[in-house]
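Start from the sequences and build out the full structure, keeping to the hints where you can.
Line by line, the protein sequences give chains V and A. All the letters of the first sequence, read from the start, carry residue numbers 114 to 495 under my numbering. All the letters of the second sequence, read from the start, carry residue numbers 209 to 481 under my numbering.
You may find that some hints are simply not true.
[To be verified] Below, a list of computed lysine to aspartate or glutamate pairs in the DMTMM-like style, where the Cα atoms sit at most 20 Å apart:
hint : chain 1 : residue 1 : chain 2 : residue 2
1    : A       : K215      : V       : D317
2    : A       : K432      : A       : E449
3    : V       : K310      : V       : E331
4    : V       : K318      : A       : D220
5    : V       : K487      : V       : E477
6    : A       : K252      : V       : D334
7    : V       : K295      : V       : E135
8    : A       : K221      : V       : D317
9    : A       : K252      : V       : D317
10   : V       : K310      : V       : E326
11   : V       : K357      : A       : D220
12   : A       : K468      : V       : E154
13   : V       : K276      : V       : E323
14   : A       : K370      : V       : E171
15   : V       : K318      : A       : E251
16   : V       : K363      : V       : E350
17   : A       : K221      : V       : D349
18   : A       : K459      : A       : E441
19   : A       : K478      : V       : E159
20   : V       : K487      : V       : E466
21   : A       : K468      : V       : E171
22   : A       : K386      : A       : D212
23   : V       : K374      : V       : E431
24   : A       : K221      : V       : E350
25   : V       : K162      : A       : D470
26   : V       : K162      : A       : E471
27   : V       : K417      : V       : E436
28   : A       : K468      : V       : E159
29   : A       : K221      : V       : E323
30   : V       : K441      : V       : E490
[Said to hold, decoys possible] Just a sample of chain A residues kept apart from chain V, beta carbon distances all over 10 Å, derived:
hint : residue
31   : R361
32   : N364
33   : M427
34   : M435
35   : I452
[Unchecked claim] If the Cβ cut is set under 7 Å, some of the chain V residues that face chain A in the computed set are:
hint : residue
36   : K162
37   : G164
38   : I168
39   : F208
40   : G336
Source of the hints: derived by calculation from the structure; they are not laboratory data. We put the CB at the ideal spot given by N, CA and C, even for glycine.
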Amino acid sequence: MEKLRKAQLLQGNQACAIAALEAGVRFFGGYPITPSTEIAEYMAAELPKLGGKFIQMEDEISGMGAVLGAALTGTKAMTATSGPGFSLKQENIGFAAMTEIPCVIVNVQRMGPSTGGPTAPAQGDVMQARWGTHGDHPIIAVSPASVLEAYELTVKAINFSEKLRTPVIILLDETIGHMREKVELPALETLELYERKRPSTSADKYLPYETDETGIPEMADFGTGYRWHVTGLNHDETGFPTGKTDVIEKQLMRLLTKVDKYQEEITLYKTYKIEDAEYLFITFGGTVRPAMEAVEILRKEGMKIGLFQLQTIWPFPEEMVQEYCKDKKAIFVPEMNMGQIRGEIKKVVDNKEKLVGINKINGEIITPQEIVSKVKEVAGQC
Amino acid sequence: MLKDIEKLLRQDKMPHIWCPGCGNGIVMKAMLEAINSTGIDTEKTVVVSGIGCSSRATGYMNFDTLHTTHGRALAFATGVKLAKPELNVFVVTGDGDGSAIGGNHLIHAARRNIDINVVMFNNNIYGMTGGQYSPLTPHGKFATTAPYGNFDRTFNICDLVKGAGATFIGRGTVFHTKILTELIKGAIENKGFSFVEAVSICPISYGRRNKMGTAPQMMEWLKKNSMPVKAAEKLGPEKVEGKILVGELYKEEAPEFTQKYDELIARFQKGAE
Ligand SMILES: Cc1ncc(C[n+]2csc(CCOP(=O)(O)OP(=O)(O)O)c2C)c(N)n1
Ligand code: SF4
Chain V
114 MEKLRKAQLL QGNQACAIAA LEAGVRFFGG YPITPSTEIA EYMAAELPKL GGKFIQMEDE
174 ISGMGAVLGA ALTGTKAMTA TSGPGFSLKQ ENIGFAAMTE IPCVIVNVQR MGPSTGGPTA
234 PAQGDVMQAR WGTHGDHPII AVSPASVLEA YELTVKAINF SEKLRTPVII LLDETIGHMR
294 EKVELPALET LELYERKRPS TSADKYLPYE TDETGIPEMA DFGTGYRWHV TGLNHDETGF
354 PTGKTDVIEK QLMRLLTKVD KYQEEITLYK TYKIEDAEYL FITFGGTVRP AMEAVEILRK
414 EGMKIGLFQL QTIWPFPEEM VQEYCKDKKA IFVPEMNMGQ IRGEIKKVVD NKEKLVGINK
474 INGEIITPQE IVSKVKEVAG QC
Chain A
209 MLKDIEKLLR QDKMPHIWCP GCGNGIVMKA MLEAINSTGI DTEKTVVVSG IGCSSRATGY
269 MNFDTLHTTH GRALAFATGV KLAKPELNVF VVTGDGDGSA IGGNHLIHAA RRNIDINVVM
329 FNNNIYGMTG GQYSPLTPHG KFATTAPYGN FDRTFNICDL VKGAGATFIG RGTVFHTKIL
389 TELIKGAIEN KGFSFVEAVS ICPISYGRRN KMGTAPQMME WLKKNSMPVK AAEKLGPEKV
449 EGKILVGELY KEEAPEFTQK YDELIARFQK GAE
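Right under this line is the structure:
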């Protein structure tokens, strides 16, 4: 039995903040925006007690910049935001990907585009999480479906960012961020935490972007005598700018493939009643819950239907999705956007004609009844 | 002296990318001389820059160096300094980088009085992108995007920084290198936000279009058109009009941001004892 703490009533955003602190985050830089602000507020209150630092910056661009500056000193650092702020952070997220600075960005999704609906739930930033910053780049994104998962996936996200030296995005949505649930958090001593690898060589031999078979370079903390250079320009293994196309290509290909290399470890998911399933839901985040209820309702009526929950969205678990979609009579993809995950599934499965979207973007969550009636409508024709 | 400076340069990265006659090397040297003469721990020194010709200086300076995104050096530097206040943090920025796209960060870093030393390489133009006007291009001057002369009013960045709350402000030029070095020393010694405007020359993207001649002629122009701020105080405003005032412009004592934060942490630690 896994050791658990006493049950407590927690909000999703709060669970995320608690997880960050317990996983060792000691710097938070951000700018207030609904529905993510509770995370900043919690950090402002708790970080100084732990010797950590909180700063409310003048905008989200600088919030992201400050996080990266702090991360370079060897501090685990995080920021939190929502749609409009997530847009502003993109250039510096690209900088983090290019220079391989570990950092975690929480995006509590709200309705867009633009100011949209600040307190209305949505899942419309799936593609922005993947492709929001310019150029081909690696990214990891996870999306929790409950308050407990908000805790668990935040710990994972921090570990992934440290291990792979890459930005990791936590896609919460307003539903999960603001939901209160009774949770039993795992006992502190059971947490497995990871820290970036520090240099194993002396300063004179240190090549900041040289790697062994792990594909992940060792990272020196600023102020420890390594005197290294960090630049968003194309650089070689010394970290300095280069114009040599063969070197650039080699570095970029390593950058792009380093996350794929660890895909098995990064891919987090859950399945529910899929053993005998003829029909399947694939969904993520706040939409998992109504879909789960729909499974119950439909099962009672004798339909063999199960659910595959993506916790890790990026990199997209292509093979697993292919496997689960095989031979299904229909695959339903409920999401609070117009089909961003469905599009990814469509790219990778052979039975594309079996894919059915259940989509809603009016700022209301998708209800179990809406899901059930769509399933029945389609299944009746199968 | 020169030997000491050489240790602070990444000599294997030479030659630098700057054009012949560019003022950037002079400002960088003044920074290194100031750092060297104050004897701060160079292993605990971080230099952060944005994007532009001037911001490439970080690649040549032998510290932990961080060449960030356009305009954002101060944001990154704030994170470095707050996370590890024991580090000496410098920012190298251009006039476009620091006053246009990064202008908001400049205001807020100054307002916080966070202990960061900013050296703004002011060549009055966007050098790297080939000569577009910046907020510090004087009124009436020409740029590729101001082909009929710049409409904007001449802007004094030191006044802005003063209004925002900086506790040490100075202006030097690439002609007055001794003064410039002294000012950067003053910035290092100030425990708070320090700002040094280094008026520089860009013969290629600015001088040429404004018919200011060669680099030596531009230096001559700087000499003729500047005066010590102390001397200016004694003259009437009409005699000072249009002159570049050089020297220490402002100094004040005020609580420093990271120190205040550390006091807060200490309060909690005491409470826990
Ligand atoms: C977000 C963004 N916008 C625009 C640019 C293009 N750009 C590069 S340098 C520069 C201006 C640099 O001017 P300044 O800061 O005065 O520095 P200088 O080159 O004159 O030293 C611009 C606009 C960019 N790199 N990033
Ligand atoms: S363009 Fe101007 S600022 Fe840039 S290197 Fe050349 S002379 Fe210097």
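Violated hints, by number in ascending order, as checked against the structure:
As far as the earlier hints go, not one is violated by this structure.
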